[in-house]
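Trainee: So the sequences go chain by chain: A and B. Numbering-wise, the first sequence is residues 1 to 255 according to the working numbering. Numbering-wise, the second sequence is residues 1 to 255 according to the working numbering.
Incorrect hints may have been included.
As the list claims (entries may be wrong) - Here are the simulated lysine-lysine pairs, DSSO-like style, with alpha carbons at most 30 Å apart:
#1 B/K216 with A/K228
#2 A/K184 with B/K228
#3 A/K228 with B/K184
Hints in this document: simulated from the structure, not taken from any laboratory.
2 protein chains.
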Amino acid sequence: MHSLQFTSESPSDGMRERDFTLGDVPGVLWSPTSGPDRAPLVLMAHGGGNHKKHPAMSGRARLLVTGHGYHVAVLDAPGHGDRPRTAHDEAEIADMLRARAAGEPEGPIIVRYNDHLARIAAPEYHAALDALQQLPEIGTHGPVGYWGINMGTAIGVPFVAAEPRITAAVFGQHWPDALAEHAKRITVPVEFAMQWDDEHIPREAGLALFDAFASKEKSLHVNSGAHKEFPRFEADSAARFLARHLGRPGERVNG
Amino acid sequence: MHSLQFTSESPSDGMRERDFTLGDVPGVLWSPTSGPDRAPLVLMAHGGGNHKKHPAMSGRARLLVTGHGYHVAVLDAPGHGDRPRTAHDEAEIADMLRARAAGEPEGPIIVRYNDHLARIAAPEYHAALDALQQLPEIGTHGPVGYWGINMGTAIGVPFVAAEPRITAAVFGQHWPDALAEHAKRITVPVEFAMQWDDEHIPREAGLALFDAFASKEKSLHVNSGAHKEFPRFEADSAARFLARHLGRPGERVNG
Chain A
1 MHSLQFTSES PSDGMRERDF TLGDVPGVLW SPTSGPDRAP LVLMAHGGGN HKKHPAMSGR
61 ARLLVTGHGY HVAVLDAPGH GDRPRTAHDE AEIADMLRAR AAGEPEGPII VRYNDHLARI
121 AAPEYHAALD ALQQLPEIGT HGPVGYWGIN MGTAIGVPFV AAEPRITAAV FGQHWPDALA
181 EHAKRITVPV EFAMQWDDEH IPREAGLALF DAFASKEKSL HVNSGAHKEF PRFEADSAAR
241 FLARHLGRPG ERVNG
Chain B
1 MHSLQFTSES PSDGMRERDF TLGDVPGVLW SPTSGPDRAP LVLMAHGGGN HKKHPAMSGR
61 ARLLVTGHGY HVAVLDAPGH GDRPRTAHDE AEIADMLRAR AAGEPEGPII VRYNDHLARI
121 AAPEYHAALD ALQQLPEIGT HGPVGYWGIN MGTAIGVPFV AAEPRITAAV FGQHWPDALA
181 EHAKRITVPV EFAMQWDDEH IPREAGLALF DAFASKEKSL HVNSGAHKEF PRFEADSAAR
241 FLARHLGRPG ERVNG
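For reference, chain A alone in the conformation it holds in the complex (with noise of 0.2 Å):
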């Protein structure tokens, strides 16, 4: 097992940022300023082309590190970010270019890549959330959370199904493939969105995979528009969400 190396630190936006690798795997731990000695950790994973310190990622991890006191990790996924791209991931890339330039359905291609990148980047999550915990603010001890959107939910759902420590996890926008069998694993509170114009994800194929979680508490968000449409308010929505299951830092939360 590798340890959590940390490698630059410097404000953010009223976080504390550290960078960190895990090995080969670059990461971002954004924390509170300050506040009580230990308090929850979200997970994040990014989507699709992005990399971990994206305005979606640093935005999301302001309403949970500012609004909540929690701890907000993201590691690069592989082939994003600070990461080497393989020829498979070039091959890929440019596969889906190709679909799209030729006005073909670009899906297929990205369930395939991103089951490929969740095999590796799955088992990282786990080893991160080993290496987090070792850390005296976070603890082996505190609730922990999951949220990836796209891609961050193909990593997140084998992640997950497989990971006792997760309190509760928003995913969303994904076709359930790859995913459905993994889902129906996971009986953690889960919030899922998509959108109901989608122009690369059918209806049926978000249903379903919200369908397939075997969660007793879950909840399904769908916004009109299309795939990029997706609303701003749904980021306040899951931060909501995941509050209301991890609870206050300091605090023993039921569950």
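Assemble chain B onto chain A, guided by the hints.
Mentor: Positioned in the frame of chain A, the structure of chain B alone reads:
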């Protein structure tokens, strides 16, 4: 046109509560105890078998009145609350209870009876809006919201479809049969809620009604659980949705 007659006034859990009649129709108006001269109005309608001051109504009103400074008005539906039941009401209720006792689907009876009630109630809501806008603290230029679930949706969908003064509407938990044609004429922002495991309303029925709204901006909230397990946090969400579209008291709002 009947004018609005206030019949009593009392404080109620941080709100100013005024009972009124509009012709034969009893209603309640909840208002802030202090605030700007003028504030947005939300019209609410109660569920089947309930009445204008059911705790679900006063609880939702409190979110809007004490949380956002709005006025909230609810009418007793025909055959409900302080209004007499007709022989037709008695016959429909008996048929519903008979179906329930026999383990037969209640849906077709509820759809038929709610449609009957909505044809009486929707014109009453138009008249109530006319009358309430004569009050100086509401006025004719402010934004107006609508919030009704269950029977409140059966009344609200035809009402909002025919009422250009409504700015945003919250609906949920109803069959599309008598409503989809009206929903196709609704273009204001809508938040719609349904239960994924509703024992009365099939999933496809709820999704079909959501799909029917012509609104460019619409959101669907689905939660796991049976019809009556509708979660309380959806009321918070609906209040935030209305606040997003109605704005602050004393403020001019786009659209």
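Trainee: Indicate, hint by hint, whether the structure satisfies it.
Mentor: Now the hints, each set against the structure:
no. : hint               : in the structure
1   : B/K216 with A/K228 : 15 Å, holds
2   : A/K184 with B/K228 : 25 Å, holds
3   : A/K228 with B/K184 : 25 Å, holds
Checked against the numbered hints above, the structure breaks none of them.
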